[in-house]
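Engineer: Please work from the sequences and hints to get the whole structure.
Number of protein chains: 2
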Amino acid sequence: MAETVVVCEVGPRDGLQIVKAIMPTAVKHRWIAALADAGLPQIEVGSFVPAKLLPQMADTAEIVREAVKRTETSNPNLTVVALAPNLRGAQAAYEAGAQRISVPVSVTEGHSRSNLNRSVDEQIAEVGRITAWLRAQPRHVPTEIACSTAFGCSFDGAVPVATVVRVAVALAEAGADAVALADTVGYGNPLEIKAKVRAVRQEIGDKLYCLHLHDTCGLGIANALAGLEEGIRKFDSALAGLGGCPFAPGASGNIVTEDLVFLLESTGFQTGIDLEKLIAARAILREGLPNEPMYGNLARAGVPRTFRRAA
Amino acid sequence: MAETVVVCEVGPRDGLQIVKAIMPTAVKHRWIAALADAGLPQIEVGSFVPAKLLPQMADTAEIVREAVKRTETSNPNLTVVALAPNLRGAQAAYEAGAQRISVPVSVTEGHSRSNLNRSVDEQIAEVGRITAWLRAQPRHVPTEIACSTAFGCSFDGAVPVATVVRVAVALAEAGADAVALADTVGYGNPLEIKAKVRAVRQEIGDKLYCLHLHDTCGLGIANALAGLEEGIRKFDSALAGLGGCPFAPGASGNIVTEDLVFLLESTGFQTGIDLEKLIAARAILREGLPNEPMYGNLARAGVPRTFRRAA
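So the sequence lines, in the order shown, correspond to chains C and D.
Per the working numbering, the first sequence starts with residue -4, numbered consecutively.
Per the working numbering, the second sequence starts with residue -4, numbered consecutively.
Take the hints with a grain of salt, since some may be wrong.
As the list makes no split between identical chains, a pair holds if one copy fits it or if it spans any two.
Derived SDA-like pairs: lysine to any residue, alpha-carbon spacing no greater than 25 Å straight-line [claimed, not checked]:
#	residue 1	residue 2
1	K15	F302
2	K189	R300
3	K189	F264
4	K189	R303
5	K272	F242
6	K272	G152
7	K202	E104
8	K189	F302
9	K202	T20
10	K64	E168
11	K15	A131
What the hints contain is simulated information worked out from the structure, not anything from laboratory work.
Structural biologist: As C-alpha cells, then:
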C-alpha cells in the first residue's frame, strides 16, 4: 500500500490573486469543480480580504459555498480551504463554510510590513486570536499557519534557520493545528529546504505539515523532492504554475500541480489525483484567463507511456 | 573548499540537432565563445554524422577547430567534446581536434534500430573499435559512452535496471573511459535515477561519471538532485533547455543549464561558471534561432539577491 501525499491546489487563491485579470465567478466554479473531480484532496479556493485590496477575491464566500457542495457530490475526500490574514477574515471564512483556514505569517519584518501591515509578532498574536475564536465555535475548523518568506525575502534577503524556528515554535504555541513553510518568493534550494524542515521538526514535530513552494528559479520540483526526503507529506501547488511573485518580475508562480503529481505518483506515493483529468482542467483555466502564461512540462509533452500510478 | 561538479553544455549538439532551423556557423562560433567565456568546463559542440542526415551538424569540424582556440584564450579549463556514433565519426572528431568524444549506445533495441540502425550489441562492438583506434593514436582523447534510453524508451517502454547494468558493464569492458546514463526521452524519475545509478556504480564504480537528463515531464532538475545525492558529479544540460525529443511531441529539451548551475552553486558545489554571463549568452542563441522556444525559470526571474556562489 503506497504512502499518501496530500496535494493542495492553491491556484484559485495564490494564482488568481497575483494575476491582474479577474476570472469570472462562473468560470471559477467550473474550474474548482473540475479540480475536485480530478480528485484533489485539498483546494484553497480563495482568500477573505477586503475586495478593494484584492478584487480578484471579492467572490470568495460564494466560491467557498459552491466548492463545499463538491464534497457532497463528486469528491467526498475534498477539504475546502480558504485563506484569512486576520480574525475578521477567519470569521468570514468560517461563516462561509470553509473546512480549513490558512493564515500567512511572514518570518521577515520587511515582508510582514509590506504584505500584512503588521510586525511579525503582531501577526503571531493575531493567529492566537484566530485559533482561540475557532476553538470556541461549534464546527471544528483546523488552521494551517504558513511561515511566509521562510527561504528568503526580497526585502530582507537571506533568512537564518533560527528565525524560521522561532516563528514556527511561536505559531505552535499560539494554537496552530498545522504549520507550513512557504518559499513565497521562490529563492529556496534543496539544501536549505532540508535544513529548515529538519530544524523546525526538531522543535514542533509533525505539527510541521506542509511546504508551499514557488518555481521562481527552476528549483521548485527539486525542492519538493528535498521536502519529501525529509518526510513532508503535504505540498501546495497550482495548476499550470499559475501566478508569479509580486516581488520578482518575470517569476513563474507556484510549483506546477501536474508536474508535482507526476513526481509523487511515479516515485511510489499515492495522491488520489487523476493526472489526465488534472491536465484537462487546464482548458477551463485557459478559458478564464486567456492571456496568462501557463507553465508545466508534463502537460506539454503528455503523460509518458511508461507512467504507472502508485498502487 | 567546495566540491566541483562538471557541467557539460550540450546545446550546440543535442539542442541544435533536434530543432529544424539551421544556426549559421558564424553564430555558432559566437555562441560557443560566449559559453566558453562564461566558464563552462565542457561544451559538446557538434556531432560527426553525415550532413545529409543532420544538415544542422554539417559544419562540426570547423566548429571544433574554432572552439579549441578558446582553450588557449578565454577558457584554459575548457574541454571541447564532440559526439560520434561510429568509428568513422570518431576518426573525424579526432582529426578535427576534439578533446573528448562521446558515443551513444541505446540500451533498448527499438531506439537502437531507429537511431543508429544497429542492434545494441553491434553498437557495443563499435565502441570497442573506437576505443581501440583512439588508444593507438598519438594524442590522448578519452571517450564517454552514453547509455541512451536508460530511463525509458518511447519504443520499448520501461527499462529494467538489469538491462542498463548489462550495457554499462559491456561498455566498461569495451574500453570506455567514462560511462553516462542518459534519460533520452525524459521519462525518468528521482527514484529510478537513484536505483540505476546505484546498481551501475556497484558494477563499474566511478567509471559511471555523468547523467544526461531531459526535462520532458518537469522532473529534470529534481532528477539531477537525485543524481547528485547518489554522488554523480557531471551533468549534461543545454542553455535555455534547447531542443526537445523527436519521440515526444511538445517535450521540452535538455535540462536548463542556467537552472542546473543555480541548483549546484546554491547547494554548495563549485562549477566555475559565471551565472550572469551564462544568462547573457541566451541573447546569441535567440539571435541564431529566432523562432525556437527558450526555457528556464532563473533567466526569466533573474538571479535572486540571496544567491551566493559556492566558495
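Engineer: A separate judgement is required for each hint: does it hold in the structure or not?
Structural biologist: Structure-based check of all given hints:
no. : hint        : verdict
1   : K15 x F302  : neither (36 Å within a copy, 29 Å between copies)
2   : K189 x R300 : between (32 Å within a copy, 21 Å between copies)
3   : K189 x F264 : both (19 Å within a copy, 16 Å between copies)
4   : K189 x R303 : between (28 Å within a copy, 18 Å between copies)
5   : K272 x F242 : between (33 Å within a copy, 23 Å between copies)
6   : K272 x G152 : between (39 Å within a copy, 23 Å between copies)
7   : K202 x E104 : within (24 Å within a copy, 50 Å between copies)
8   : K189 x F302 : between (28 Å within a copy, 17 Å between copies)
9   : K202 x T20  : neither (34 Å within a copy, 58 Å between copies)
10  : K64 x E168  : neither (34 Å within a copy, 64 Å between copies)
11  : K15 x A131  : neither (37 Å within a copy, 66 Å between copies)
The structure does not agree with the numbered hints 1, 9, 10, 11 stated previously, though it agrees with the rest.
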